[in-house]
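> These are the residues of each chain, in order.
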Amino acid sequence: MTMRKIAFVCPEPGITGGFNVIFRHAMELARSGVTVTIVCKTPITATHIGWHPIAKMADHPKLLWLDPQ
Amino acid sequence: MADLITFAPDIAVVFRPDFVSNDLLRRIAGLKIGISTEPYPKYIFGNFHYTSDSLNRLKRFTRVAVHEFDYLLHYDRASLSFLELMGLRVSGSFVLPVATAVWRPPEQTSHIRDLNFIGRSTEHRERHFGPTEARLQLSAHRARRCQRGGARLLPFRADRAEHPRRGRTVVGAAGAAAHGLRATCGQPSQSRRTTFSLPANTSCKQTIRMRRTKICLEILAQPVIYEATRRAGYQKVLAELSARQVWSRLSERCMDRGFPLPSFDLGRFRLMPFEICAEYNGFEQLLDPFRDDHA
Numbered sequence: 001m002t003m004r005k006i007a008f009v010c011p012e013p014g015i016t017g018g019f020n021v022i023f024r025h026a027m028e029l030a031r032s033g034v035t036v037t038i039v040c041k042t043p044i045t046a047t048h049i050g051w052h053p054i055a056k057m058a059d060h061p062k063l064l065w066l067d068p069q
Numbered sequence: 070m071a072d073l074i075t076f077a078p079d080i081a082v083v084f085r086p087d088f089v090s091n092d093l094l095r096r097i098a099g100l101k102i103g104i105s106t107e108p109y110p111k112y113i114f115g116n117f118h119y120t121s122d123s124l125n126r127l128k129r130f131t132r133v134a135v136h137e138f139d140y141l142l143h144y145d146r147a148s149l150s151f152l153e154l155m156g157l158r159v160s161g162s163f164v165l166p167v168a169t170a171v172w173r174p175p176e177q178t179s180h181i182r183d184l185n186f187i188g189r190s191t192e193h194r195e196r197h198f199g200p201t202e203a204r205l206q207l208s209a210h211r212a213r214r215c216q217r218g219g220a221r222l223l224p225f226r227a228d229r230a231e232h233p234r235r236g237r238t239v240v241g242a243a244g245a246a247a248h249g250l251r252a253t254c255g256q257p258s259q260s261r262r263t264t265f266s267l268p269a270n271t272s273c274k275q276t277i278r279m280r281r282t283k284i285c286l287e288i289l290a291q292p293v294i295y296e297a298t299r300r301a302g303y304q305k306v307l308a309e310l311s312a313r314q315v316w317s318r319l320s321e322r323c324m325d326r327g328f329p330l331p332s333f334d335l336g337r338f339r340l341m342p343f344e345i346c347a348e349y350n351g352f353e354q355l356l357d358p359f360r361d362d363h364a
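Protein chains in written order, with my numbering: chain U, 1 to 69; chain E, 70 to 364.
If you're looking for bench data, these hints aren't it; they were derived computationally from the structure.
Covered stretches of chain U (chain E as the covering partner; in silico rule of three or more C-beta atoms under 8 Å from a C-beta of chain E):
1. 16-26
2. 59-69
Examples of chain E residues lying across from chain U (beta carbon under 8 Å, computed):
3. A77
4. A81
5. V82
6. V83
7. R85
8. V89
9. T106
10. L165
11. P166
12. W316
13. S320
Simulated restraints on C-beta separations:
14. K41(U) / A297(E): 39 to 47 Å
15. Q69(U) / P292(E): 53 to 61 Å
16. R4(U) / V164(E): 23 to 31 Å
17. T298(E) / A46(U): 36 to 44 Å
18. T45(U) / D92(E): 24 to 32 Å
19. G336(E) / T45(U): 41 to 49 Å
20. Y303(E) / D67(U): 36 to 44 Å
21. W65(U) / A98(E): 13 to 21 Å
22. E153(E) / T16(U): 24 to 32 Å
23. I113(E) / D67(U): 43 to 51 Å
24. Q304(E) / A58(U): 31 to 39 Å
25. S121(E) / W65(U): 35 to 43 Å
Glycine residues also receive a C-beta, built at the ideal position from the N, C-alpha and C atoms.
So here's chain U without its partners, still in its complex pose (with noise of 0.2 Å):
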């Protein structure tokens, strides 16, 4: 069985070690063909990940941004 899809599910973005991770993830696993989405409580907005490299992919196709209400 494949993963194609996956989501993280998480709380309130901020700057820290654990969306370092899961941004991390994200990252190898869009660059490897899987399409990826991060939900948190509140909308994940520009300046949430301004901070973080994933920053630069953030067009990324793979990389869904989806809107948690």
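Position chain E relative to chain U; hints supplied.
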């Protein structure tokens, strides 16, 4: 979360699984994996190792008993036996990966100077900031214990007399309660400030004591052993703990149903951590970690 439900992932990885609703879990397609990354008490060689902080985190984690995860993984294998004593049998442990592409061994970071970190005191931070503070002259991490109601918290509070003019860079928390602190630390030295939002800390009523670690001194006193340990650890990280390898192993094992299902002994589960500790070790040891709390 309609978009998430429509997305229909093959795997939904939920961090802090105690905070997600069961209703949402039921509506998400695919495997639901809860990953716990909070420190919980440990039961090692007949002794309990815990703090008031880890007990409080465990109490929150017990909410997952009613949640319908396919797999429930905890990052710290050493805590699994204690969780089992609590009647909470998780699917297994999950080794937190290291991003080897950006991870730098200590000697490559020795040029970093004059960095202030302001943050809440946790066991993890105390353990890791201690050596870093000595090695990198990190002017950082003053934390004091405060009390709010019956629960003990560890809010941050920088030493204003010492911090302001030492750091060129301040990394810390924003928020109403921290704003004055940031300004105090940053403005006198024209520091570069990197901040992030946290809820305002309104619980700081009484300073009890300051916590500092001396682990750094113990490690640096044995440089040969330290260097050998560091190099061995770095090689192990490269070989076994890179993000790509860890995640690949986890996803494949979950998709192949290679973990046991989590299960709960609800009769046992009602027991509070204190009662478990008392049953296995008696109250004397139970109180040891809190001996200094009332100093």
